Amino acid sequence: MEGKLSSVAKNFTPSSIQELSQLAQKCNAINLAEGFPDFPAPPCIKEAAVSAINNDFNQYRRVQGICDQLALKMKKTHGLNVNPLTDIAICCGQSEAFAAAIFSIINQGDEVLLFDPCYETYEGCITLAGGIPVYVALEPPQWTLDPEKLMRSFTSRTKAIVLNSPHNPTGKVFSRDELEIIAEGCRRWDCVAITDEVYEYITYDNQKHQTIAKLPGMQERTIITSSLSKTFSVTGWRIGWAIAPASAASAIQNIHIRITDSAPAPFQEAALTALRSPIEYFETLRGEYELKRDFCMKLLGSIGFRIQFKPQGSLFLFAELPKDCLLSDVEYVEELIKQAGVVVVPGRGFFHGNESCNYQKRYIRVAFCKSGATLNAAAQKFGELINAKACPKILY
Amino acid sequence: MQAAECTWTHFEMLRPFCFKSPSTTPLFFNFSKHFQKGYSDSSFFRSNWRISNYPSFMATISSVSTHKDPVSTHDATPNITHQPVQVAKRLEKFKTTIFTQMSMLAIKHGAINLGQGFPNFDGPDFVKEAAIQAIKDGKNQYARGYGVPDFNNAIAARFKKDTGLVIDPEKEVTVTSGCTEAIAATMLGLIDPGDEVILFAPFYDSYEATLSMAGAKVKCITLRPPDFAVPIDELKSTISKNTRAILINTPHNPTGKMFTREELNTIASLCIENDVLVFTDEVYDKLAFEMDHISMASLPGMYERTVTMNSLGKTFSLTGWKIGWAIAPPHLTWGVRQAHSFLTFATSTPMQYAATVALQAPDSYFAELKTDYMAKKAILVQGLKDVGFKVFPSSGTYFVVVDHTRFGLDNDIAFCEYLIKEVGVVAIPTSVFYLNPEDGKNLVRFTFCKDEETLRSAVERMKEKLKKK
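Chains C and A, in that order, are what the protein sequence lines are. Under the numbering used here, the first residue of the first sequence is numbered 1, with each subsequent residue one higher. Under the numbering used here, the first residue of the second sequence is numbered 1, with each subsequent residue one higher.
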């Protein structure tokens, strides 16, 4: 059977992350690693899902109303005119929307630009479709975009650029100026922008998320992907979408039908309720997460971190290890599990390309989409650590 | 549905930052799915795509699916000007599926829909209640990528009951968004571009699409009426050491054929001889009426080279929940899981909990399912015969194919159009299920996954308005 393994299978290397994961389980660690909430979803949308199941919305369907709501939102939030009949594909989560978007436009050998660090899954999708990922590093500590570096990365083979804003793992929200630079590259090189906007409603300090699609010349070359998951704390429901010019949206819808056929029907119904949430819902969401972000920053501050980049959005804090700390990210995370019983994610998995950059092994990602109880528990653990007489390696 | 006001009501007080709070019970997690570095920059190559002859019917329908009359919600300013996004070459030939198109026409003409294969009745209460309970219990976040542990266990238990095979739910079961995704993940995870894959025509239309996405070279063997038996000689001359995999759908959509033990044994020995993988789509396994369903994986020497796929939808009349799975030995499961993690990442959590309950249903549930469907089948088959169709025997699934030619229409598309517009009944033209549409032009597919009254009404309409030429 050895010879039957695909090239994909043969390239697998075991992950140090998996080993950490097992360790954390063994130690029953407090989970500040994964990007999903440990608190309940809003009751009204759960009710909507329950209703849908009871009212027999359980067969294959595509709920056009979701598209209508999204078109309204696009108009209201971004001033974009989107045709709900032709420009929107409903998928099983942003994950599938992104995969379908990639399959819809990437041909063998097409290059796709990605900002580094970034969410791991993009690369896999691109490679699966025969594309070539090309990384453009954002520069620490502020994760700034260097316009010249970006422009140099475009070639005649560049087909698309992936833009995740608000950004996982750094929490960066790309500014209007930065979006303009990216747009300029897309226009000049005739490229498509594929966006991942799942954290679109989670921005802080009065920052507003802006979609690159609203910049001049961009709507016709942008595929927006997003989902219910993070906005409504239902990451397990798998309801997402792609918004794009009709030819792309149609292709994405048709690919989606061949990959999964339909997004889960009762949750599509519930999405109608979710998307009609009043403005207060989103304001409270933002306010809540901002408090958690601030708490998390203090938490890390208490054990010696100096946070140089305050998250402007998303559910994550990407923190550089204290200067005097000699451990690598993986070692640090291991120590944190063992000594504090708290688990976070080593940053190296988000970096690609140039291995010689030392900073790639010096970051940890902390997720603060957790209940007050969880965050307080983590605080207590850190407190015990500091109050202990011993001086552990991880404390400064 | 009421548009309820949604508020964030689960706010918990964050105590002012201090070190004296009580600890809580931490949670299970697994983030290995985020970081498996499975892909390198290997150079894939693509074979050339044949553009198949598109039946003219499809060309006249717009490529957008909708179930409502158009309502304009935007102003007159055009938002698309020059340079539309270029769609990937390999996908240009895949437009809206025939099912969506027929459904649109059906609605427009008020036709009774015996085309699309989903029930017009709902799933059992005990399964729906389990889903509701899961939602209320807060099971609404990401499930483990390859499946909720209890569900994987239930799948393994069911498989043991059905086939006698004992498998490891942790290493040999992958949960996907429906069997459709199991197929996509299997193709993308295990097929390299240029690999030869054998398909039996007629075939469910997503097979060809996903094989295209995987860059496979498709070799087609046509099953022919009246019994759609596997042409063994043709199979022997098609399969070779160059064949990577063969895809078998049994019970078979659209014909209702069930692969016999003899056929499966022959295919098995050819696969062993030529070191070929087998991918089986067994979603209709519980709708086996005329003979027992046989899983290829249960044949000697076959488990190690087979991916067995199934789903909840057909057995439990919950086609919109999208719960499916793939069972395969660890070295094949690995590839399936990789692709799956990039396609959808995880499968709907509350539905997996409900599916766990479903798979543990007592034997009486499955017995009743069969009895109900056999009654429906009898109504449709007798009705179709009375109307004058030549009806081919269907051993399983909830489909039956018929020859329509005595009604004087040129081909299956024309017949289906006529049937919708003049008679008010929907069937599916089978030419879309063939690589060469000509092979299917005499056949159309009807489904009987509808309540009995609907079936009787459809038969009545056909008796009244369909005239032989």
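If you're looking for bench data, these hints aren't it; they were derived computationally from the structure. There may be inaccurate statements among the hints.
Stated by the list, open to error - Quick look at which bits of chain A chain C covers, simulated, 3 or more residues with Cβ under 8 Å:
1) 123-131
2) 316-322
3) 339-348
To be verified - Below are the DMTMM-like pairs computed for lysine to aspartate or glutamate, each with C-alpha atoms no more than 25 Å apart in a straight line:
4) A:K171 x C:E120
5) A:K108 x A:D439
6) A:K139 x C:E288
Claimed, not checked - Just a sample of chain C residues kept apart from chain A, beta carbon distances all over 12 Å, derived:
7) T144
8) F154
9) R238
Values in this document were obtained by computation on a predicted structure and should not be read as measured data. No residue lacks a Cβ here, since even glycine has one placed at the ideal position from N, Cα and C.
Checked hints:
Here the region 123-131 of chain A counts 3 residues with a CB under 8 Å from a CB of chain C, which clears the bar of 3, and the coverage holds. Check result for the region 316-322 of chain A against chain C: holds, 6 residues qualifying (beta carbon to beta carbon below 8 Å, three or more required). Beta-carbon proximity to chain C at under 8 Å applies to 9 residues in the region 339-348 of chain A; the threshold of 3 is reached and the given coverage holds. The suggested pairing of K171 (chain A) with E120 (chain C) holds, with an alpha-carbon distance near 23 Å, which does not exceed 25 Å.
For the suggested pair K108 (chain A) and D439 (chain A), the alpha carbons sit about 29 Å apart, so the restraint of at most 25 Å is broken. Only pairs whose Cα atoms come within 25 Å are accepted, and K139 (chain A) paired with E288 (chain C) is accepted, the gap being roughly 22 Å. No Cβ of chain A approaches the Cβ of T144 (chain C) within 12 Å, the least distance being about 25 Å, so the stated non-interface status holds. At the 12 Å boundary, the C-beta of F154 (chain C) stays outside the reach of chain A, the nearest C-beta of that chain being 16 Å off.
Listed as outside the interface, R238 (chain C) is inconsistent with that label: its C-beta sits roughly 5 Å from the nearest C-beta of chain A, within the 12 Å cut-off.
The earlier numbered hints that this structure contradicts are 5, 9.
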